[in-house]
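K.L.:
Each chain, letter by letter, is given below.
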Amino acid sequence: MKWFGLIATVFTGILLLSAVPDFAAFGDPDSPANGGLGDHPSVSQYYITDTYTDTKVPNIVTAVLADYRGYDTMFETVVIFAAGIAIFAILRSFSGPVAPSHPTAIDTSVEGDHQRIIIGTTCRVIIPVIQLFALYVVAHGHHSPGGGFQGGVILGASFILVALAKDLSAALGRFSEKRYLALGSVGILIYAGFGLLCVALERNFLDYEILHRIMPATDPIMARSHSMLGVEVGVAFTVTAIMFAIYANLSSKGRLEQGF
Amino acid sequence: MEFLNASVIPYFNYWIYVVLMMIGLHAMITKNNLIKKLIGMSIFQTAIILFYVSIGVKTGSTIPILEHHHDEGHAETAHAVAESGDHHAEETDHEKSDHGNNEHAIEADHGIDPDHFANPLPHVLMLTAIVVGVSTLGVALAISQSIYKDFGSLEENEILAKIKQGGPGVDV
Numbered sequence: 001m002k003w004f005g006l007i008a009t010v011f012t013g014i015l016l017l018s019a020v021p022d023f024a025a026f027g028d029p030d031s032p033a034n035g036g037l038g039d040h041p042s043v044s045q046y047y048i049t050d051t052y053t054d055t056k057v058p059n060i061v062t063a064v065l066a067d068y069r070g071y072d073t074m075f076e077t078v079v080i081f082a083a084g085i086a087i088f089a090i091l092r093s094f095s096g097p098v099a100p101s102h103p104t105a106i107d108t109s110v111e112g113d114h115q116r117i118i119i120g121t122t123c124r125v126i127i128p129v130i131q132l133f134a135l136y137v138v139a140h141g142h143h144s145p146g147g148g149f150q151g152g153v154i155l156g157a158s159f160i161l162v163a164l165a166k167d168l169s170a171a172l173g174r175f176s177e178k179r180y181l182a183l184g185s186v187g188i189l190i191y192a193g194f195g196l197l198c199v200a201l202e203r204n205f206l207d208y209e210i211l212h213r214i215m216p217a218t219d220p221i222m223a224r225s226h227s228m229l230g231v232e233v234g235v236a237f238t239v240t241a242i243m244f245a246i247y248a249n250l251s252s253k254g255r256l257e258q259g260f
Numbered sequence: 261m262e263f264l265n266a267s268v269i270p271y272f273n274y275w276i277y278v279v280l281m282m283i284g285l286h287a288m289i290t291k292n293n294l295i296k297k298l299i300g301m302s303i304f305q306t307a308i309i310l311f312y313v314s315i316g317v318k319t320g321s322t323i324p325i326l327e328h329h330h331d332e333g334h335a336e337t338a339h340a341v342a343e344s345g346d347h348h349a350e351e352t353d354h355e356k357s358d359h360g361n362n363e364h365a366i367e368a369d370h371g372i373d374p375d376h377f378a379n380p381l382p383h384v385l386m387l388t389a390i391v392v393g394v395s396t397l398g399v400a401l402a403i404s405q406s407i408y409k410d411f412g413s414l415e416e417n418e419i420l421a422k423i424k425q426g427g428p429g430v431d432v
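Top to bottom, those sequences are chains B and G. Sequential numbering of the first sequence, starting at 1, is according to our numbering. Sequential numbering of the second sequence, starting at 261, is according to our numbering.
Derived from the structure by calculation, the hints contain no laboratory data. This structure is a prediction, so every number in the text was calculated from the model and none was measured. Think of the CB as a built atom: it goes at the ideal place given N, C-alpha and C, for glycine as much as any other residue. There may be inaccurate statements among the hints.
What the hints assert, rightly or not - With a straight-line cut-off of 25 Å between C-alpha atoms, the simulated SDA-like cross-links for lysine to any residue are:
(1) G/K291 with B/G5
(2) B/K253 with G/D410
(3) B/K2 with G/I423
(4) G/K409 with B/F94
(5) G/K291 with B/K178
(6) G/K424 with B/I90
(7) B/K253 with G/G300
(8) B/K178 with G/L397
(9) G/K291 with B/L15
Unchecked claim - Sample of chain B residues facing chain G (criterion: CB under 7 Å; computed from the structure):
(10) G5
(11) T9
(12) F11
(13) G13
(14) L16
(15) V20
(16) P21
(17) A25
(18) G27
(19) T49
(20) P58
(21) N59
(22) E76
(23) A86
(24) L91
(25) F94
To be verified - Residues of chain G clear of chain B, computed beta-carbon distances all greater than 10 Å:
(26) M261
(27) T290
(28) K296
(29) I303
(30) I309
(31) S321
(32) I325
(33) I372
(34) P374
(35) E415
(36) A421
Required output: the full structure, derived from the provided sequences and hints.
P.N.:
Here's what the structure looks like:
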């Protein structure tokens with residue numbers, strides 16, 4: 001089996017390497033992916049040249065993510081939500097409190113006390129900063145690197161840090177199971193809601209331009225920019241909730257209790 | 261040496277991605293432990309992310325975020341930008357004709373030259389792929405945990421032996 005695996009790997013590697021000279025060289029601006037083929041420009045060139053006039057969003061990545069490829073991003077978010085639900089279905093157990101097999105060893109010595117003070121104080125100082133930075137990354141995703149996915153992961157990580165530094169019940173006290181499941185669903189609903197709002201105004205799903213009719217003080221172009229912020233917030237909700245849900249379930253074997 | 265200069269150095273990103281991908285594939289095929297297989301899967305995934313992102317690189321380009329100024333109004337200038345965008349389009353066509361030397365300086369007030377910005381599309385695709393990869397890895401770890409609960413082992417051969425003895429219901 002070992003030898004068969006090695007032979008299969010080497011064979012696949014040689015096959016892939018034999019195709020390497022057909023690729024464009026590293027950093028070639030005229031490669032088909034970057035410069036298009038012949039007279040046909042590639043779609044990424046359109047994104048670079050026209051995003052700002054279309055949407056007034058200077059961060060092209062965010063504009064492509066939330067507007068031009070809005071469907072893709074919506075269903076990526078659904079995939080993340082489905083992963084959270086799958087972990088819930090696989091691991092979550094409601095069998096009630098069982099005596100922990102490895103009771104949490106609480107270090108009552110003086111050194112342990114010092115450690116708890118150092119960790120607790122550090123976390124108390126840095127967690128608000130992390131969360132503020134996460135909100136900045138979400139809200140400023142149009143103008144600087146960032147967006148819903150990145151900000152959501154940072155926000156979820158701040159709750160994981162609470163669980164690591166204190167214990168899981170402290171983190172669940174701030175972000176309970178009911179809340180994270182609700183927040184995950186609300187994120188998808190916000191995203192899909194923006195799409196359905198466009199349908200209600202007799203345009204295509206996720207065609208944000210028409211939303212200027214109901215958004216105050218906007219024109220069709222700024223409506224796209226504002227709607228992108230809206231769907232990014234939805235993505236951030238779902239990602240935050242599911243990142244923490246994954247950690248909480250995996251670290252406690254689905255019991256959501258400390259000490260297993 | 262000639263081979264190295266002609267086929268390896270201009271394509272080094274593809275060589276790295278193939279090597280990383282084969283490390284991951286080998287781990288997924290031959291490792292006995294399910295967690296090690298998952299580590300292999302993550303390496304495989306990283307190789308694909310590297311492949312996509314390295315496709316989008318353009319020599320002499322910057323990140324795909326346009327320079328802009330906050331002081332210009334919002335709704336008022338939108339139309340002005342739309343107008344100037346039209347005559348930008350002509351200029352970028354003109355610039356594309358002398359594509360050969362892409363090292364020319366950034367002309368600040370003339371249109372947006374695609375050669376000055378990295379390809380945004382691979383970034384978008386990989387941005388979502390990374391987060392989806394984390395969540396699917398979470399599902400995989402959850403499945404491994406419940407396998408461990410049922411079989412008391414994460415070694416593939418031990419699990420298979422226990423399945424032969426009488427299925428996953430066997431109490432361990």
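K.L.:
Determine for every hint whether it applies to the structure shown.
P.N.:
Verification of the hints:
1. G/K291 with B/G5: Between G/K291 and B/G5 the Cα gap is close to 9 Å, so the pair holds against 25 Å.
2. B/K253 with G/D410: holds (13 Å)
3. B/K2 with G/I423: holds (22 Å)
4. G/K409 with B/F94: holds (15 Å)
5. G/K291 with B/K178: violated (39 Å)
6. G/K424 with B/I90: Measuring from Cα to Cα gives roughly 23 Å; hence the hint holds.
7. B/K253 with G/G300: Since the Cα atoms of B/K253 and G/G300 sit roughly 23 Å apart, the hinted pair holds (cutoff 25 Å).
8. B/K178 with G/L397: holds (23 Å)
9. G/K291 with B/L15: holds (22 Å)
10. G5: holds (4 Å)
11. T9: At 4 Å from the nearest chain G Cβ, B/T9 passes the 7 Å test, so the hint holds.
12. F11: This interface hint is violated because 10 Å lies over the 7 Å limit.
13. G13: Hint on B/G13: holds, closest Cβ of chain G at ~4 Å, below 7 Å.
14. L16: holds (5 Å)
15. V20: holds (4 Å)
16. P21: Holds. Min distance 6 Å.
17. A25: holds (4 Å)
18. G27: Where the cut-off is 7 Å and the nearest Cβ of chain G is about 4 Å from B/G27, the hint holds.
19. T49: holds (5 Å)
20. P58: Because about 4 Å separates B/P58 from the closest Cβ in chain G, which is inside the 7 Å limit, the hint holds.
21. N59: Check passed: Cβ of B/N59 comes within 5 Å of chain G, closer than 7 Å.
22. E76: It holds, given that the least Cβ distance between B/E76 and chain G is near 4 Å, below 7 Å.
23. A86: holds (5 Å)
24. L91: holds (5 Å)
25. F94: Nearest chain G Cβ about 15 Å off; hint violated.
26. M261: The assertion about G/M261 holds, with a minimum of 17 Å to chain B.
27. T290: violated (4 Å)
28. K296: Answer for G/K296: holds, closest chain B Cβ roughly 13 Å.
29. I303: holds (12 Å)
30. I309: holds (14 Å)
31. S321: violated (7 Å)
32. I325: violated (5 Å)
33. I372: violated (5 Å)
34. P374: Violated: least Cβ distance 4 Å, not greater than 10 Å.
35. E415: holds (14 Å)
36. A421: holds (15 Å)
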